[in-house]
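Same order as they appear, the protein sequences are chains Z and R.
What the first sequence shows, in my numbering, is residues 1 to 294, in sequence order.
What the second sequence shows, in my numbering, is residues 1 to 294, in sequence order.
Keep in mind the hints are simulated off the structure, nothing from the lab.
Small disclaimer: the values here were computed from a predicted structure and weren't measured.
It is possible that part of the hints are untrue.
Since the list can't tell identical chains apart, any single copy or any two copies may satisfy a pair.
[Stated by the list, open to error] Straight-line Cα separation of at most 27 Å, DSSO-like style, residue types lysine-lysine; simulated pairs:
(1) Lys294 <-> Lys99
(2) Lys166 <-> Lys34
(3) Lys166 <-> Lys258
(4) Lys294 <-> Lys208
(5) Lys28 <-> Lys166
Protein chains: 2
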Amino acid sequence: MSNLLTSFIQTNQPSIEQQMDVIIKEIKAPVQLKEAMAYSLLAGGKRIRPLYTLAVLEELQVKNEDAISVASTIEMIHTYSLIHDDLPSMDDDDLRRGKPTNHVVFGEALAILAGDALVTLALGIIARLENLTADQKILLIDKLSYAAGAEGMVGGQVLDILGEGKSLTLEQLEEVHVNKTGALLSYSILAGGIIAKASEDVMNALQKYAFHIGLAFQIQDDILDIEGTSEQLGKTAGKDVLSEKNTYPSILTLEGAKEQLQKQYDLAIEALKVVNLHEGLLVEIANYITKRTK
Amino acid sequence: MSNLLTSFIQTNQPSIEQQMDVIIKEIKAPVQLKEAMAYSLLAGGKRIRPLYTLAVLEELQVKNEDAISVASTIEMIHTYSLIHDDLPSMDDDDLRRGKPTNHVVFGEALAILAGDALVTLALGIIARLENLTADQKILLIDKLSYAAGAEGMVGGQVLDILGEGKSLTLEQLEEVHVNKTGALLSYSILAGGIIAKASEDVMNALQKYAFHIGLAFQIQDDILDIEGTSEQLGKTAGKDVLSEKNTYPSILTLEGAKEQLQKQYDLAIEALKVVNLHEGLLVEIANYITKRTK
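One chain only, chain Z, in its complex shape:
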């Protein structure tokens, strides 16, 4: 990892975690619910999404005190989706980020409700920010609702479940990922642009970059499921192959998946060049995503 990115992450990752900790501490709710929410929020993780929001602001050289809150709400939505995806009736995962999953610790009912509380809180926090205009907040909520809902993340999870046990085409697999993981990752990048009041050109470039880097992220996830170890990943490795899941390697072969990864990476960087953002954090994060081992 480059010095630039290392220093950026070392500065911002703790701020994001501290902000989420404060958010949970401040809510007036049953302590068991708050514990369940905090458990998954503060269980570690790469924090790629909130870091992306803050990276866009840094690259556009805009400071806004609410950026850290917006970034945190995106991680809250991501965490809620992980809690629900891990449930016995969905992916039935016992291990996440190296720790027992939420329902293993708190039971299914509380896990479902912790997820419900996180998504509802995330949208409300944006509404209550004080350093953004009402129009900016409305736009953030509007786009977040799409990215996280039936037309984005939730819809993608449904497609993923429906695709189990079936052979998907590359196009169908891409549709799953564009929705299931791509939509929220894209949103985290666009949110930075919305907070910075970026020009239309920059927004378009960010959108293209986000689309391709979102796919690259998922392809690398699929590759890591084959090449990584459970210890590295903090979750069960090799599970995709075992459950005959549709992945890029299963459709394209491992070699083909790696070529596809490179292609998406190149397209992402190309988009940045158009608006002169091709040196700095956004490229560094792209490098990290495509070369990470966990």
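Given chain Z, work out where chain R should sit, using these hints.
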């Protein structure tokens, strides 16, 4: 039921249902997800919450084209809470509004995701309305997030689960209900005031009315579980007694619960008198709620 209320319901209930039908038809999502969402949304029900929003506007003599959408989003949030509450890991109910519950028809995974999609969509719809100012929309989202989240409905459901098998005091039981059902019901009334840009006096009166009528609603629910039949209720009657649930009758006796119902009703009507809203729909709905048989 009075002619005034009958005619109000006959006009508005179909509009609410039609609006929800249109909302689901318009989203671009997997058809199975849309079916699961529509199934519970359009499974009937009293539609008390959206009717309340519209009734407040009618009483304040304000028309706004977006009122029906806001009203519908509240019913969407209510429906999502029912879908999740009915899950096997929560109340484990097979019957709701006289029909098999969502997870019985679509499976647990899709039921959880249909709920997730409904809450996310509801908040996004408000952000996208065109006949309200950005500040009105922000206020609606802000209050809805509180009413539906950890500090309201979700928190109340957690308290309800934690209270199972324990003897609650009247105060503890009230805390459950103020959060679990009261918060969203109150919101539906306040939302009408926000859309109508009501004065502070009117908002205060609506808030008091909403608080007391919310409790009255729950007390009557508890009474009906004892006095009603499954056929009337469209759900299993007598379940509270069977599961030794904490209810107003279990703490206060049936007679005491009926006295408490009358007391909350009186306080609700008193609040309306202060702002001269004590003749018309809001009183009629209060009468209906406290005298209903289903």
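Inset, instruction - Check each numbered hint from earlier against the structure, then list the numbers of those it violates in ascending order. - result: Per hint list: zero violations.
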